[in-house]
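Protein chains in written order, with the working numbering: chain P, 1 to 142; chain A, 1 to 142.
Treat the hints loosely; a few may be bogus.
Since the list gives no way to pick one copy over another, a pair counts as held whenever it fits inside one copy or between any two copies.
[Stated by the list, open to error] Below, computed lysine-lysine pairings styled on DSS-like, alpha-carbon distance capped at 27 Å: (1) 49 x 112; (2) 125 x 112; (3) 125 x 49; (4) 116 x 6; (5) 116 x 134.
Hints were generated in silico from the structure; no laboratory data involved.
Protein chains: 2
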Amino acid sequence: MSAVVKYDEIEVGQEIPAVDYTVRRVDLVMYAGASGDFNQIHWNERFAKMVGLPDVIAHGMYTMAQAGRFVTDWAGDPGAVVDFGVRFSSMVVVPDDDRGATISVSGVVEEKLEDKRVVVGLTAKSGDTRVLSKARAVVQLA
Amino acid sequence: MSAVVKYDEIEVGQEIPAVDYTVRRVDLVMYAGASGDFNQIHWNERFAKMVGLPDVIAHGMYTMAQAGRFVTDWAGDPGAVVDFGVRFSSMVVVPDDDRGATISVSGVVEEKLEDKRVVVGLTAKSGDTRVLSKARAVVQLA
């Protein structure tokens with residue numbers, strides 16, 4: 001498979017519009033089963049509060065996965081992300097209702113590299129809180 | 001929550017023994033549902049081969065999640081990983097049988113930082129193939 005976005009048509013500074021991802025308690029239960037990370041802070045409100053958290057919080061890797069999906073959806077190729085790194089700067093708190101929490105991901109092309117690769121800087125927020133910082137992906141374009 | 005591993009007891013060069021994680025087709029189906037990444041290369045063998053892959057392959061973020069779990073299990077705190085970055089260097093090919101594929105993750109403490117943090121370098125292999133390279137996590141210890 002190869003990317004849809006063409007390297008030659010991309011400019012440094014170009015913005016990738018924000019996409020909102022909803023995360024509900026049930027998503028975290030599914031993610032626990034899929035990842036094998038069953039820590040109670042991700043599904044048990046009583047336990048989360050007992051250890052000092054405001055409420056159940058999303059797995060950091062879940063949030064990171066949404067940011068990864070944002071990049072591959074943009075590039076049009078699930079294998080487009082070559083390098084991926086983030087700092088987990090804040091928690092995504094997930095209330096027990098149907099709206100859940102929202103993770104809003106946006107990006108900007110920060111650098112053009114060789115071999116038709118670009119560096120995409122990512123921002124992930126939940127409400128006004130930045131939940132990933134120093135998030136960047138090296139992306140293989142067409 | 002806080003980590004179990006104590007910063008003062010850790011030395012640079014210390015190795016974290018390998019842990020093997022099994023990944024079966026059903027894990028990828030669960031991961032698709034949890035992450036929202038339903039690309040067919042992760043569950044449809046016919047499609048995967050049609051686009052030139054050897055077989056169904058694991059989501060890169062799934063492999064990365066196992067490496068993250070390795071670190072938090074070692075540290076004893078699900079929130080211990082502050083920074084996390086990898087290069088996706090090769091695919092994890094998942095055969096259609098009960099044994100599935102194995103992702104073997106090991107680590108070494110590469111650097112001691114301020115604030116009781118350490119840099120852990122990670123190796124993730126499937127068989128003899130390195131599936132993550134330049135994988136590193138900054139980990140908050142006790």
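Right, here's what the structure says about each hint:
1. 49 x 112: neither (45 Å within a copy, 31 Å between copies)
2. 125 x 112: Cα proximity of residue 125 and residue 112: one copy only (25 Å, versus 30 Å across).
3. 125 x 49: within (22 Å within a copy, 37 Å between copies)
4. 116 x 6: within (8 Å within a copy, 44 Å between copies)
5. 116 x 134: both (22 Å within a copy, 20 Å between copies)
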